[in-house]
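J.: Read off the chains here:
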Amino acid sequence: MVKKTITKDELFNIIAQIPDPEIPVLSIGELGVLRNIEMHQDKVVVVITPTYSGCPAMKFFEQEILSVAKEAGVNYVEIKTIYSPVWTTDWISDTAKMKLKEYGIAPPQGTSDKSFLFGQPKKINCPKCHSENTELKSQFGSTSCKALYFCKQCTEPFEYFKCI
Amino acid sequence: MTVNEALFNYCLRLGDNSLILSHRLSEWTGKAPILEEDLAITNIALDKLGQARFLLQYAAQLEGKGKTEDDLAYKRSEREFYNSLLVEQPNGDFSFTMARQLLNDVFDFFLYEELTKSTNEPLASLAAKSLKEIKYHLRHCSEWIIRLGDGTEESHSRIQNSLNELWAYTGELFEMNEIDSVLIKENSVPDVSKLKPKWNNMLCEIFEKATLKKPEDGFMHTGSRKGIHSEYLGFILAEMQYLPRAYPSATW
Ligand SMILES: [Zn+2]
Numbered sequence: 117m118v119k120k121t122i123t124k125d126e127l128f129n130i131i132a133q134i135p136d137p138e139i140p141v142l143s144i145g146e147l148g149v150l151r152n153i154e155m156h157q158d159k160v161v162v163v164i165t166p167t168y169s170g171c172p173a174m175k176f177f178e179q180e181i182l183s184v185a186k187e188a189g190v191n192y193v194e195i196k197t198i199y200s201p202v203w204t205t206d207w208i209s210d211t212a213k214m215k216l217k218e219y220g221i222a223p224p225q226g227t228s229d230k231s232f233l234f235g236q237p238k239k240i241n242c243p244k245c246h247s248e249n250t251e252l253k254s255q256f257g258s259t260s261c262k263a264l265y266f267c268k269q270c271t272e273p274f275e276y277f278k279c280i
Numbered sequence: 103m104t105v106n107e108a109l110f111n112y113c114l115r116l117g118d119n120s121l122i123l124s125h126r127l128s129e130w131t132g133k134a135p136i137l138e139e140d141l142a143i144t145n146i147a148l149d150k151l152g153q154a155r156f157l158l159q160y161a162a163q164l165e166g167k168g169k170t171e172d173d174l175a176y177k178r179s180e181r182e183f184y185n186s187l188l189v190e191q192p193n194g195d196f197s198f199t200m201a202r203q204l205l206n207d208v209f210d211f212f213l214y215e216e217l218t219k220s221t222n223e224p225l226a227s228l229a230a231k232s233l234k235e236i237k238y239h240l241r242h243c244s245e246w247i248i249r250l251g252d253g254t255e256e257s258h259s260r261i262q263n264s265l266n267e268l269w270a271y272t273g274e275l276f277e278m279n280e281i282d283s284v285l286i287k288e289n290s291v292p293d294v295s296k297l298k299p300k301w302n303n304m305l306c307e308i309f310e311k312a313t314l315k316k317p318e319d320g321f322m323h324t325g326s327r328k329g330i331h332s333e334y335l336g337f338i339l340a341e342m343q344y345l346p347r348a349y350p351s352a353t354w
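Which chain is which? The protein sequence lines are A and B, in order. Using the working numbering, you'd call the opening residue of the first sequence number 117 and step up by one each time. Using the working numbering, you'd call the opening residue of the second sequence number 103 and step up by one each time.
Rather than coming from a laboratory, the hints here were simulated on the basis of the structure. C-beta atoms are modelled at their ideal positions from N, C-alpha and C, and glycine is treated no differently. Careful: at least some of the hints might be erroneous.
[To be verified] To give an idea of the interface, some chain A residues facing chain B are shown, with a C-beta separation under 10 Å as derived from the structure:
{"id": "1", "residue": "I164"}
{"id": "2", "residue": "P166"}
{"id": "3", "residue": "G170"}
{"id": "4", "residue": "F176"}
{"id": "5", "residue": "Q179"}
{"id": "6", "residue": "A188"}
{"id": "7", "residue": "N191"}
{"id": "8", "residue": "I195"}
{"id": "9", "residue": "I198"}
{"id": "10", "residue": "Y199"}
{"id": "11", "residue": "W207"}
{"id": "12", "residue": "F234"}
{"id": "13", "residue": "S254"}
{"id": "14", "residue": "F256"}
{"id": "15", "residue": "G257"}
{"id": "16", "residue": "S260"}
[Unchecked claim] Simulated pairs of lysine to any residue, SDA-like, Cα-Cα distance not exceeding 20 Å:
{"id": "17", "chain 1": "B", "residue 1": "K300", "chain 2": "B", "residue 2": "G329"}
{"id": "18", "chain 1": "A", "residue 1": "K196", "chain 2": "B", "residue 2": "P346"}
{"id": "19", "chain 1": "B", "residue 1": "K234", "chain 2": "A", "residue 2": "T204"}
{"id": "20", "chain 1": "A", "residue 1": "K253", "chain 2": "B", "residue 2": "K300"}
{"id": "21", "chain 1": "B", "residue 1": "K237", "chain 2": "A", "residue 2": "K213"}
{"id": "22", "chain 1": "B", "residue 1": "K133", "chain 2": "A", "residue 2": "K213"}
{"id": "23", "chain 1": "B", "residue 1": "K237", "chain 2": "A", "residue 2": "Q236"}
{"id": "24", "chain 1": "A", "residue 1": "K196", "chain 2": "B", "residue 2": "G166"}
{"id": "25", "chain 1": "B", "residue 1": "K234", "chain 2": "A", "residue 2": "Y192"}
{"id": "26", "chain 1": "A", "residue 1": "K253", "chain 2": "B", "residue 2": "G166"}
{"id": "27", "chain 1": "A", "residue 1": "K213", "chain 2": "A", "residue 2": "G226"}
{"id": "28", "chain 1": "B", "residue 1": "K234", "chain 2": "A", "residue 2": "P237"}
{"id": "29", "chain 1": "B", "residue 1": "K300", "chain 2": "A", "residue 2": "F232"}
{"id": "30", "chain 1": "B", "residue 1": "K311", "chain 2": "A", "residue 2": "F232"}
{"id": "31", "chain 1": "B", "residue 1": "K237", "chain 2": "A", "residue 2": "L264"}
{"id": "32", "chain 1": "B", "residue 1": "K234", "chain 2": "A", "residue 2": "S200"}
[Claimed, not checked] Anything over 12 Å on all C-beta distances counts as not near chain A; from chain B, calculated:
{"id": "33", "residue": "F110"}
{"id": "34", "residue": "E223"}
{"id": "35", "residue": "H242"}
{"id": "36", "residue": "K287"}
{"id": "37", "residue": "P317"}
Using the sequences provided together with the hints, build the complete structure.
T.: And the structure:
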């Protein structure tokens with residue numbers, strides 16, 4: 117049985133703090149991966165959604181959620197992965213975007229690109245020197261959610277959190 | 103054929119396509135021409151694997167025999183796979199891999215765009231999610247096609263030859279059978295024959311920018327809708343399924 121000592125909001129706030137393994141300055145709450153918590157008689161259902169279909173961090177999140185919940189005294193946890201509504205970078209708050217920038221990753225700018233096939237790549241400001249004199253090196257960075265850019269001003273490469 | 107059976111088979115078709123293409127792309131890990139490309143190809147492979155997992159999970163649920171996505175991926179034999187012949191073709195040189203990706207992604211782009219309107223909720227939500235990823239994949243490979251086509255004499259002739267060779271596998275993409283007719287009636291899946299003009303137009307636009315010629319329609323390979331494959335699928339499965347078949351109780 118679920119102990120009645122913890123409320124839904126309390127548990128949500130605890131789970132929401134779990135950091136992303138790739139981008140530790142952001143939590144699953146800030147990323148919008150954690151969608152909801154359902155309190156049932158006999159169990160707690162934690163609802164999550166992946167950023168990308170193949171996001172390898174999802175397995176990590178599942179294990180973390182189970183262990184964090186256990187520490188909070190909740191033993192019967194079920195994890196439900198949903199795909200709708202589709203995850204979008206629009207869910208990342210302005211505060212979280214600032215954290216990304218301070219961490220050295222250019223935050224998503226604007227909304228996803230409509231002219232995806234032949235459109236010019238977006239002008240992205242360097243997170244270190246703020247210069248606009250940057251160049252897209254690859255649409256795919258160290259993880260699916262990031263693209264690789266190069267700043268011609270400070271001659272340093274940096275990552276950009278793609279808009280999807 | 104019931105709607106449920108048709109849906110199960112349709113999910114296998116889409117799921118197998120993603121799974122086998124993912125496996126082929128992952129063969130590039132560590133040996134792509136440049137580091138950025140290594141990252142790109144493996145990221146695309148990972149997206150395809152994620153899509154395959156969703157589809158095979160859903161298929162297992164529809165089948166209702168208590169199987170998991172892993173059972174479907176690792177315990178079916180060659181004749182029970184329904185991926186297109188196109189995606190199982192070996193990587194060849196880099197141009198061949200990019201040509202295969204382009205022909206598949208342009209088709210997937212229009213197919214998944216239609217599937218977002220499906221009356222089947224799981225398919226519609228998977229399609230909405232995958233479409234965002236497919237756009238990135240498509241943009242990536244079309245940039246390479248243009249760069250290679252409009253590059254040196256050598257790169258131009260290599261990409262043109264790759265496209266010419268793979269063209270014979272594109273007829274099959276538009277084939278339909280009873281599965282399609284059952285599901286089209288339910289408005290769950292689109293009539294893919296109607297996607298052909300759009301598929302053609304987008305490819306022509308890319309070929310023009312790449313100074314490439316659209317290959318001529320000729321003999322077209324067929325078989326995968328019935329589970330009949332080229333010799334290559336068996337070798338892929340032998341590698342992919344070896345561990346869970348040799349050690350059935352292995353966990354990872
Ligand atoms: Zn800079």
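J.: State for each hint whether it applies.
T.: Comparing the hints with the structure gives:
Because the closest C-beta pair between I164 (chain A) and chain B is about 14 Å apart, greater than 10 Å, the hint is violated. For P166 (chain A), the interface hint holds, the least distance from its beta-carbon to any beta-carbon of chain B being 7 Å, beneath 10 Å. With a least beta-carbon distance of about 3 Å to chain B, the hint placing G170 (chain A) at the interface is held under the 10 Å criterion. Because the beta carbon of F176 (chain A) sits about 14 Å from the nearest beta carbon in chain B, more than 10 Å, this interface hint is broken.
About 14 Å separates the beta-carbon of Q179 (chain A) from the nearest beta-carbon of chain B, more than 10 Å, and the hint is not met. Interface restraint check for A188 (chain A): the shortest CB-CB distance to chain B comes to about 27 Å, outside 10 Å, so the restraint is violated. Among the interface hints, the one on N191 (chain A) is violated; its C-beta lies about 22 Å from the nearest C-beta in chain B, farther than the 10 Å criterion. For I195 (chain A), the interface hint is violated, the least distance from its beta-carbon to any beta-carbon of chain B being 14 Å, above 10 Å.
Hint status for I198 (chain A): holds, given a least beta-carbon distance of 8 Å to chain B, under 10 Å. At its closest, the beta carbon of Y199 (chain A) sits 4 Å from a beta carbon of chain B; the interface hint therefore holds under the 10 Å criterion. Hint status for W207 (chain A): violated, given a least beta-carbon distance of 14 Å to chain B, over 10 Å. A distance limit of 10 Å between C-beta atoms decides the matter here; for F234 (chain A) the minimum to chain B is near 8 Å, and the interface restraint holds.
For S254 (chain A), the interface hint holds, the least distance from its beta-carbon to any beta-carbon of chain B being 4 Å, beneath 10 Å. Of the supplied interface hints, the one on F256 (chain A) holds, with its beta-carbon coming within about 4 Å of a beta-carbon of chain B, less than 10 Å. For G257 (chain A), the interface hint holds, since its Cβ comes within 10 Å of a Cβ in chain B; the closest pair sits about 7 Å apart. Annotation: S260 (chain A) was flagged as interfacial toward chain B, and the flag holds, the nearest CB pair being 5 Å apart, inside 10 Å.
Between the alpha carbons of K300 (chain B) and G329 (chain B) the distance comes to roughly 27 Å, so the proposed pair goes past 20 Å and is violated. Distance hint between K196 (chain A) and P346 (chain B) is unfulfilled; the C-alpha atoms sit about 26 Å from each other, more than 20 Å. Using a Cα cut-off of 20 Å, the hinted pair K234 (chain B) and T204 (chain A) holds, with the two alpha carbons roughly 10 Å apart. Taking the CA atoms of K253 (chain A) and K300 (chain B), the gap is near 30 Å; set against the 20 Å cutoff, the hint is violated.
For the hint pairing K237 (chain B) with K213 (chain A), the CA-to-CA distance comes to about 24 Å; that exceeds 20 Å, so the pair is violated. The suggested pairing of K133 (chain B) with K213 (chain A) is violated, with an alpha-carbon distance near 35 Å, which exceeds 20 Å. Between K237 (chain B) and Q236 (chain A) the CA atoms are separated by roughly 14 Å; this keeps the pair inside 20 Å, and the hint holds. Proximity of K196 (chain A) to G166 (chain B) is assessed by CA-CA distance (about 19 Å); at most 20 Å being required, the pair is judged to hold.
In summary, the hint linking K234 (chain B) to Y192 (chain A) is not supported, as the alpha carbons are separated by about 34 Å, beyond the 20 Å threshold. Distance restraint check for K253 (chain A) and G166 (chain B): the Cα-Cα separation of roughly 46 Å exceeds the 20 Å cut-off, and the hinted pair is therefore not satisfied. For the hint linking K213 (chain A) to G226 (chain A), the alpha-carbon distance of about 12 Å falls within 20 Å, and the restraint holds. Of the pairs offered as hints, the one joining K234 (chain B) and P237 (chain A) holds, with about 16 Å between alpha carbons and a cut-off of 20 Å not exceeded.
For the suggested pair K300 (chain B) and F232 (chain A), the alpha carbons sit about 16 Å apart, so the restraint of at most 20 Å is met. Between the alpha carbons of K311 (chain B) and F232 (chain A) the distance comes to roughly 15 Å, so the proposed pair stays at or under 20 Å and holds. Our distance criterion of 20 Å between C-alpha atoms is met by K237 (chain B) and L264 (chain A), whose separation comes to about 17 Å. Taken as a hint, the K234 (chain B) and S200 (chain A) pair is honoured in the structure, with Cα atoms around 13 Å apart against an allowance of 20 Å.
Every CB of chain A is more than 12 Å from the CB of F110 (chain B) (nearest about 19 Å), matching its label as outside the interface. Not every Cβ of chain A is farther than 12 Å from the Cβ of E223 (chain B); the closest lies at roughly 7 Å, contradicting the non-interface assignment. Here H242 (chain B) does not stay apart from chain A, with its beta-carbon only about 5 Å from theirs, under the 12 Å limit. In this structure K287 (chain B) is separated from chain A by more than 12 Å, as the shortest Cβ-Cβ distance comes to about 24 Å.
No Cβ of chain A comes within 12 Å of the Cβ of P317 (chain B); the nearest lies about 20 Å off, and the non-interface call holds.
Hints 1, 4, 5, 6, 7, 8, 11, 17, 18, 20, 21, 22, 25, 26, 34 and 35 from the list above are not met by this structure, while the remaining hints are.
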